[in-house]
Structure formats: C-alpha cells, structure tokens
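Using the numbering used here, you'd call the opening residue of the sequence shown number 194 and step up by one each time.
Think of the hints as simulated: they come from the structure by calculation, not from any bench.
All of these numbers come straight from a predicted model, not from anything done at the bench.
Where hints are given, some of them may not hold.
[Claimed, not checked] Here are the simulated lysine-lysine pairs, DSS-like style, with alpha carbons at most 25 Å apart:
hint: 1; residue 1: K238; residue 2: K212
hint: 2; residue 1: K212; residue 2: K226
hint: 3; residue 1: K273; residue 2: K260
hint: 4; residue 1: K195; residue 2: K227
hint: 5; residue 1: K226; residue 2: K195
hint: 6; residue 1: K333; residue 2: K260
hint: 7; residue 1: K238; residue 2: K195
hint: 8; residue 1: K250; residue 2: K238
hint: 9; residue 1: K305; residue 2: K260
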Amino acid sequence: MKIVLLEDVANVGRAGEVKEVADGYGRNFLLPKKLALLATPSALKAAEAQLQKEKEKQQHFDAEITKLAQQIEGLLITFKERVSSEDRLYGSVRDSDIARELSQLTGLDIAKEKIELEEPIRQLGEYEVPVRLSEDLAPKIKVIVTREE
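Put together the whole structure using the sequences plus the hints.
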C-alpha cells in the first residue's frame, strides 16, 4: 500500500514522504490514527508542496543561524567577580551567567543549554567557550574572569 505520511513515524519515515507499507499496517494503524493518507494524485501533490515548503523553511533557518554565528564568533564577555587570596572565585561563572550576558550583548534570547561549558568557571583567567547553535555550528566566544575592584 502506498501512503503519504502526515507526521514523522518511527521506522517508517518523515512527514511528507511517500512510502510503501504493508496493507495491514497502513489500514489498521497509520490511516485510523491519521498518521498517513492513501497516496492519491492530490495527496502526492500536497506532499510535494509540503516538502518544498519545509526545505525552504530549513534553508531560511540555516541562513539565520549562520548569520548569528558570524555575529557572536570571537565575542568577548567579561565578568568581574569577588575572589579569595588564592585567585579562586567565591561562587562560579555558570552557563546561565554566560547565556544571560550573551543575550544582553546580542539582543537575542540564547538558552543556557546552548553554552557548552564543561564545568563552572571557578578561577580567574580567559576561557574559550563554544556556543552550540546547531548540530554542526558552534562558534567560540571568549570569557574573561577578572578580579572585582
């Protein structure tokens, strides 16, 4: 049975794809749950249009992410913190602190989950911190922690 998927279905395919499935699987599971439609000529046209729209949307998203990456690549963020006599911070600089500062500098909302900080910063110094914007795009920003005067 030839179907057009309306939603992503595990081990079958993604929304908009045309797939060949077993008759029973299509008739008893996919069609009643409205996960797919029979592959009629009109359904095929609609699926093709949806795939094209999805592709354009993804290209636009990729362009925006690349633009953002160029904007924040090499950006410098400075934190002034209280320190002990051994140059250890009272507290730490966390991914949430970096995300908040980065959001203020860029004017965009950047989630703390995007900041790839292995562990909180507890020493004075300069640190390179990657910001994961997408699977394959992670520009690095420079974080400097200095002594509060």
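Results for each hint:
1. K238 - K212: Distance ~14 Å between K238 and K212 Cα, so the pair holds.
2. K212 - K226: holds, 16 Å
3. K273 - K260: This hinted pair is violated, its Cα atoms lying about 29 Å apart.
4. K195 - K227: holds, 15 Å
5. K226 - K195: Satisfied, since the Cα-Cα distance of roughly 16 Å is no more than 25 Å.
6. K333 - K260: holds, 14 Å
7. K238 - K195: Status holds; Cα separation ~14 Å.
8. K250 - K238: OK: K250 and K238 at ~18 Å, within 25 Å.
9. K305 - K260: holds, 20 Å
When the structure is compared with the earlier hints, a violation turns up for hint 3 alone.
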